[in-house]
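2 protein chains.
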Amino acid sequence: MQQINVGICGLGTVGYGSFCLLKNNAQEISRRLGKSLRVSHIATRKLREHQDIGDVKLSTDPMQLAADPDVDILLELIGGTDFARELVMKAISNGKHIVTANKALIAEYGNEIFRAASENKVMVAYEAAVAGGIPIIKILREGLAANQIAWLAGIINGTGNYILSEMQAASRPFAEVLKEAQQLGYAEADPTFDVEGIDAAHKLAILSAIAFGTALHLDKVYTEGISEITPEDIAFANELGYRIKHLGISAKTAHGIELRVHPALVAKQRLIARVDGVMNAVLLHGDAVGSSMYYGAGAGDAPTASAVVADVIDIVRRMGMLEEQVPALAFQTEDADIRILPIEEIISAYYLRISVRDKVGVIAKITEILGENGISIDAMIQKDPDMTGGNHEQIPVIIMTHEIQEAVMNKAIEQIEALDAVTDKLTRIRVADLQD
Amino acid sequence: MQQINVGICGLGTVGYGSFCLLKNNAQEISRRLGKSLRVSHIATRKLREHQDIGDVKLSTDPMQLAADPDVDILLELIGGTDFARELVMKAISNGKHIVTANKALIAEYGNEIFRAASENKVMVAYEAAVAGGIPIIKILREGLAANQIAWLAGIINGTGNYILSEMQAASRPFAEVLKEAQQLGYAEADPTFDVEGIDAAHKLAILSAIAFGTALHLDKVYTEGISEITPEDIAFANELGYRIKHLGISAKTAHGIELRVHPALVAKQRLIARVDGVMNAVLLHGDAVGSSMYYGAGAGDAPTASAVVADVIDIVRRMGMLEEQVPALAFQTEDADIRILPIEEIISAYYLRISVRDKVGVIAKITEILGENGISIDAMIQKDPDMTGGNHEQIPVIIMTHEIQEAVMNKAIEQIEALDAVTDKLTRIRVADLQD
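Residue numbers (this note's numbering), protein chains in the order written: chain A, 3 to 438; chain B, 3 to 438.
Everything labelled a hint here was simulated from the structure, so no lab data went into it.
On a predicted model such as this, the values are computed, not experimentally measured, just so you know.
Some clues are possibly wrong.
Which copy? The list can't say, so a pair holds if one copy fits it or any two copies do.
Said to hold, decoys possible - Listed below are the simulated EDC-like cross-link pairs for lysine to aspartate or glutamate, each with C-alpha atoms no more than 16 Å apart in a straight line:
1. LYS92 x GLU114
2. LYS385 x GLU395
3. LYS270 x GLU374
4. LYS25 x ASP54
5. LYS25 x ASP289
Given only the sequences and the hints, what does the whole structure look like? Please build it.
Right under this line is the structure:
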């Protein structure tokens with residue numbers, strides 16, 4: 003049986019998970035491939051105590067693997083961007099195929115990396131970079147290749163989804179749940195990357211490029227995190243029939259492509275509103291397939307290894323057939339003219355929470371401002387503080403609007419915040435109307 | 003730009019849908035492929051009034067296309083098995099690649115067809131045969147190729163799911179909802195194929211083969227339909243925290259493979275319990291990926307065409323590279339020794355509805371029978387007919403059991419039905435415990 007040599011760079015959670023999966027399922031994988039996969043070489047700074055790599059050749063320098071003529075496929079599982087980029091470019095120039103789980107690397111340097119891969123006739127696979135074990139890259143690039151995608155919306159950061167789910171389940175504040183998530187190992191000591199949406203922005207940039215056939219536009223992703231979401235907003239949203247989810251949304255409009263990560267109200271009866279805890283899901287709409295959703299674990303050693311090893315299998319299946327390969331970003335030619343819309347140009351419905359001092363007078367003024375800006379009201383909650391034990395100086399008024407351009411909404415918000423009776427910065431959460 | 007010629011046999015809903023999709027998205031598809039797809043030849047008995055095929059060569063004899071040297075890829079969209087099989091075998095022997103949406107053809111004759119395809123070095127693609135637009139064949143065969151699949155469970159017949167959803171939503175009886183589904187065009191005049199689970203059995207046979215690497219075993223699928231489900235059962239299930247869904251389930255156990263289509267109780271909080279109307283979903287568990295679910299339209303011209311055309315694109319991407327192709331049934335070698343379990347050997351929890359005459363005495367007897375057979379009770383509902391306005395001669399007793407082998411349950415059921423106070427045939431519905 004022909005043997006393919008795999009070199010693993012980085013033996014952290016994902017690296018060791020991939021090593022173990024290649025070992026444990028070797029027989030099944032050979033039965034699929036008609037070839038055998040062998041981990042020939044591992045590069046890591048130091049083996050951890052529980053790590054047993056048998057007689058695999060070990061080195062501390064990943065660059066050795068990038069140069070080793072024995073390595074057919076190099077797994078970049080180190081993370082970070084500077085060294086990883088150097089390593090990957092070196093391996094490509096030496097004719098090695100690459101599998102990576104590194105979303106930051108692909109989102110930031112994908113354009114350059116895919117160009118180099120194409121010139122050197124090697125493949126760069128990155129299924130594990132988005133939504134962990136869900137084969138969403140393959141689904142978009144191959145399974146739905148007959149479609150023009152209209153939009154996609156994903157819960158693509160498990161940490162953020164875990165925090166919002168817990169806030170929802172027990173009316174607990176963000177800071178408290180975050181602390182618990184850190185203790186459970188679901189959130190990093192510095193949680194910024196996850197809770198401020200940066201991780202989701204990396205993934206969304208990749209999904210959008212392959213859905214719409216553009217280059218990667220990480221710098222144009224509008225990004226808003228979940229740290230400002232309060233249990234109060236979750237409760238009001240619930241009352242109105244919604245859950246608050248942290249979504250990455252990309253949509254093709256007549257004017258360009260929307261590319262945005264932010265919290266959003268999603269109607270409760272939608273399947274994606276029911277995706278809780280650390281799980282991920284991507285809901286999308288294609289012109290032929292209609293709505294379709296893909297759900298699974300977005301992180302963890304085994305689910306990520308599932309995607310890494312599937313990529314290895316894919317590469318082996320396509321080796322020696324490079325002119326026919328599936329393009330890294332789904333299309334042979336990029337749509338270079340397409341415009342990514344600034345957030346001010348998106349159209350959305352909105353949830354507004356406004357703190358007011360004197361309810362009766364100010365509501366007339368607020369609705370007048372909305373009316374003058376052509377914004378119509380879909381629903382409103384105003385509770386009598388005498389009945390609910392609330393504070394007369396800070397009465398929350400909740401308004402759900404119909405769809406309007408964000409720039410218009412921004413203007414109206416500015417006018418509302420300027421009112422004397424409005425005591426605080428207004429809270430605005432976009433509504434995602436996601437047909438499933 | 004290189005041109006690939008596609009011949010379409012059968013211009014019904016799916017055939018014309020595929021023609022339109024190839025035409026409407028031609029530009030996007032070329033941008034993906036770097037080649038252009040052209041429908042060169044169509045075979046149909048008669049064009050319908052709304053069908054406009056431009057200047058495509060038309061014939062009434064599909065066998066002409068199977069012999070036409072101009073046709074590179076033949077789309078078998080005629081349906082049925084006898085003629086379709088002859089057509090496909092002929093086209094294969096003439097070196098044509100095949101795309102089919104015909105689940106009966108693949109489930110019944112797949113083993114023979116794939117062997118012929120392999121000998122003739124052509125590809126036979128059948129993504130559209132299972133779950134319509136959801137690329138579940140690709141997901142199982144490629145996206146999750148690193149996994150050993152433990153089990154899969156699918157809502158894979160839209161008609162049946164529509165009927166159960168409507169029965170659930172409005173407490174309406176089966177016959178009434180079926181009639182409505184027929185009027186809406188969701189069910190055939192003869193609905194047997196859908197409501198008795200035959201269609202689902204075809205699809206499950208295919209899913210199971212590619213998940214576990216066996217040959218196709220259609221004849222071994224245990225099949226039970228939904229025509230016996232009553233609004234009463236749906237209401238009791240609801241009270242116990244469950245929905246009733248018609249599932250295709252295949253699981254790998256230590257003793258062999260379970261392969262079964264039947265109604266099942268699914269806990270309400272499971273995502274798959276929320277899949278309603280004509281939509282399909284497949285939930286599965288892989289050793290690496292964990293639980294993952296795939297949701298979308300299971301039928302209809304456009305969703306099915308989405309899968310047909312994706313298969314065409316896939317074939318074009320792999321043409322000229324036949325030794326490396328993805329095996330039709332996922333594995334290069336079949337697991338020929340594996341055993342498909344008869345239904346008596348499965349392990350399941352059960353919902354039992356027993357009609358009794360004299361509540362007090364008979365319940366002791368029923369629980370005694372269960373106890374003697376080693377079946378433990380998880381939950382019970384017994385309502386006082388004086389309080390609920392029920393009939394003293396037919397009091398329903400609902401029992402949910404813990405897991406037990408079906409053979410044991412059959413024996414206990416026989417004993418319960420033999421009791422004097424039991425007035426009617428017992429209703430037994432299996433419980434599907436589906437971790438998501």
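Hint by hint, here is what the structure shows:
no., hint, in the structure
1, LYS92 x GLU114, "within (13 Å within a copy, 47 Å between copies)"
2, LYS385 x GLU395, "within (13 Å within a copy, 53 Å between copies)"
3, LYS270 x GLU374, "neither (31 Å within a copy, 46 Å between copies)"
4, LYS25 x ASP54, "within (11 Å within a copy, 55 Å between copies)"
5, LYS25 x ASP289, "between (41 Å within a copy, 13 Å between copies)"
Hint 3 from the earlier list is the only one contradicted by this structure; the remaining hints agree with it.
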